[in-house]
Structure formats: C-alpha cells, structure tokens
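J.: Sequence:
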Amino acid sequence: MFEAEELFVIDNAAWSLASTGNPVTVIDYSPDGALVAVSNTPGEVSIVSSYDGTVKRKLSQTRTQYPVTGCKFHPSEDNLILYACRDGFIFTFNILRGEVTSMTRHLGSNLLTMSLDSFGEAFAIACADGSIRLYDIENMQRTKALIKMTGRSISSQSVTIYSLMFHPEDSNIVLSAAGNDRVLIWDVRSGTSERCISGPHIRGNGLDMYDGQIMTASCREKKAIEIWDFGTARKIRDINFDSQIAGGDCTITAAKIARNGLDMFAGGGGVNLTQAFDYSKGSFIGQSCQSQSPVVSLGASPFGASFVNGYENGEVSCYMVRVRQP
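In terms of numbering that gives the first Met the number 0, the sequence shown opens at residue 0 and continues consecutively.
Simulated from the structure, these hints should not be mistaken for laboratory data.
Among the hints, erroneous ones may be present.
[Claimed, not checked] Calculated cross-link-like contacts (lysine-lysine; reagent style DSS-like; alpha-carbon spacing at most 30 Å):
| hint | residue 1 | residue 2 |
| --- | --- | --- |
| 1 | 71 | 55 |
| 2 | 143 | 55 |
| 3 | 280 | 221 |
| 4 | 221 | 234 |
| 5 | 71 | 57 |
| 6 | 280 | 234 |
| 7 | 280 | 71 |
| 8 | 280 | 222 |
| 9 | 234 | 222 |
| 10 | 234 | 71 |
[As the list claims (entries may be wrong)] Per label pair, the in silico range of CB-to-CB distance:
| hint | residue 1 | residue 2 | range |
| --- | --- | --- | --- |
| 11 | 50 | 237 | 45 to 55 Å |
| 12 | 247 | 142 | 39 to 49 Å |
| 13 | 220 | 103 | 18 to 28 Å |
| 14 | 98 | 282 | 44 to 54 Å |
| 15 | 18 | 194 | 34 to 44 Å |
| 16 | 235 | 323 | 23 to 33 Å |
| 17 | 288 | 104 | 34 to 44 Å |
All residues carry an ideal CB built from backbone N, CA and C; glycine is no exception.
Just need the whole structure built from these sequences, with the hints factored in.
T.: Pasting the structure below:
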C-alpha cells in the first residue's frame, strides 16, 4: 500500500481530443474506470478509452441537437448510459449497440444538470425554473418534484442550479448548489430542503461528497475549496488552491473527489488548469498543463489514477496520477 504523499501528476497529458469550438459540457468515468463519456458537440456523447483516448463509440440521436447537460454511466449495468439535453430530452443508450433504449422529455423549462443515484434506480434533473424533478429510471416516469418552503409559501429554488447530486449512500437525499450561494440538502421523502449551507459561490459542477463530508468548490480566489460536515452543515476545513505553483489565481468552476477518497481535483479559469490534492490532508499533489482555454468540466477516475479536463473551446485532455518510485 502507498501513501498519498507518494503520488504525483505526470507533466504531459496522456491523451487529448481536439477542440470542436463548443464547450465540453459533461465528463463521466465508467464505474470500472476504463471508459470516459464526454460531450463537446451538441446532442452527442463520445465514449472514449480512459487509457489512450481512443473513441470507442459516438452516441447520437435525431430528436435534438441541443447541448448535453448531464451524462452518467449506470452503476451496475455496464452497457447502459443516461444522458440529458438542455431542451428536456432524456435518453438511455446501449453503448455496445449505440442505440436509444428509452426516452422521456421534461417540458416547460430548460434542463440545466442531472444526477443519477448510486443504485441506478432514480435520476434527478435541475430545471431552469428552479425546480428539481425526480424520475424512475426503469419506467422513465417522474416520481417527485422538490420544492422549498419559504414561510407560508412554497417555491422552487428560484435561481440557477449549477450542481446537483444524490447522497452516495442514501438516494433519499439530494444536494443542490445554486446562484444564491447556498447548498440545499433535500429529503426526497418530505419533498423539502431540511437544511442548507450558506456561502459557497458555486458556478459549475463544484459539489461532491465522500465519507459524510460535502466538498464545495467556489468560483472565487479565496476560500475556494471548502469541506463541510453533512450532518451539521458546519465547515470542517479548507483546501487551498496553490496559486504560487499555478502561476496565478484560479476561479474554480469544476471539482471532483475520486470515489475511493484518495485524491480530489479542482480546475477553472484564470490560470486555465486543474490541480490535484490529497483529499484527507488537503496537500498539493500536482497539476495539469496550462491551457489557452478555461477548464469548464472535470472528471475523476473512480480510483484516483487519472483525471480529465474539459475546456471551453471543446478540447479534452487526460492526465495520469502515479506513485513515485523509490
């Protein structure tokens, strides 16, 4: 076994995908870490090898050419992937056949982001009207709408929702981060938010959880990465982006913890790169090369062995994390 202090990021990208001129809107690793799903073309998702970037399959359909705003591999069905587009179309695909296996559509407002629970039974979408809708993945039917109680009135989170996720161990809990600088913790059973964290200025996919802790990545120069206790919503500690090593400040727009909790990654604009950290201690491990375009999407290998940057210009690059040899 090795310690996180022995980890480092290899200087050069292991592989890259060329710019398309469209922002990379989603990145997701498969549960075994072998594949990466990315979208840098509206309405389309590419399935690539996490080892060398070889494109294995391009998933497309004829219903919509709007940007893909959410994409998740199914946690237990190896060949199933779920993706959603901004105009409300939601598809499940068989990756091997490249075919749509089911479909639904949310009408009434744009779809901003999506999350799939850890058991592959339900997914949630965040809509431009501030609502969060839950669906059963087997039937693709809506089962719940999450609303916020404000005094005697009922309202949705009536600001833009930037990040949405299920609790990794309890699909009855959903977390959302919005433009009012609050993270709401929702209980699906009651349909309302039970508590909130005030302060995180999240402006992208900057919300994650591990071992009863919530990580928030704010789009600001100071106190950008914060760790909170899930049970009390109180802050535990900060993880500091190293602006001296980066060569400047970073406005973080995306962050992700490896599923095993070994390391975490945070990237954004300004210096246009991603830094890697030992999650438990918050110490710096390494960073990607600086790009001409801001990092807008980020994916982390489930085992912390690599991460993938998605840039505003549509370029994609993968960096490997390795153990120092004695």
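J.: Between residue 235 and residue 323, does the beta-carbon spacing fit 23 to 33 Å?
T.: 28 Å, holds
J.: Do residue 98 and residue 282 keep their Cβ atoms within the hinted range of 44 to 54 Å?
T.: 46 Å, holds
J.: Within 30 Å, alpha carbon to alpha carbon, are residue 71 and residue 55?
T.: Cα-Cα ~17 Å, so holds.
J.: Compare the distance between the alpha carbons of residue 280 and residue 221 with 30 Å, and conclude whether the hinted pair is satisfied.
T.: 19 Å, holds
J.: Does the Cβ distance between residue 50 and residue 237 fall inside 45 to 55 Å?
T.: 34 Å, violated
J.: Check the following: the C-beta atoms of residue 220 and residue 103 are separated by a distance inside 18 to 28 Å.
T.: 41 Å, violated
J.: Could you check the hint for me, namely that residue 18 and residue 194 are 34 to 44 Å apart, CB to CB?
T.: 42 Å, holds
J.: Is the straight-line distance between the alpha-carbon of residue 143 and that of residue 55 30 Å or less?
T.: Judged against 30 Å, a Cα distance of about 36 Å means the pair is violated.
J.: Is the distance from the Cβ of residue 288 to the Cβ of residue 104 consistent with 34 to 44 Å?
T.: 40 Å, holds
J.: Run the distance test for residue 280 versus residue 234: straight-line Cα separation, threshold 30 Å.
T.: Roughly 15 Å between the alpha carbons, so the hint for residue 280 and residue 234 holds.
J.: Hey, residue 221 versus residue 234, does the alpha-carbon distance stay inside 30 Å?
T.: The given pair, whose Cα atoms are some 15 Å apart, holds under the 30 Å limit.
J.: Tell me if the straight-line CA distance from residue 234 to residue 222 falls inside 30 Å.
T.: 11 Å, holds
Comparing the model with each numbered hint stated earlier shows that hints 2, 11 and 13 do not hold.
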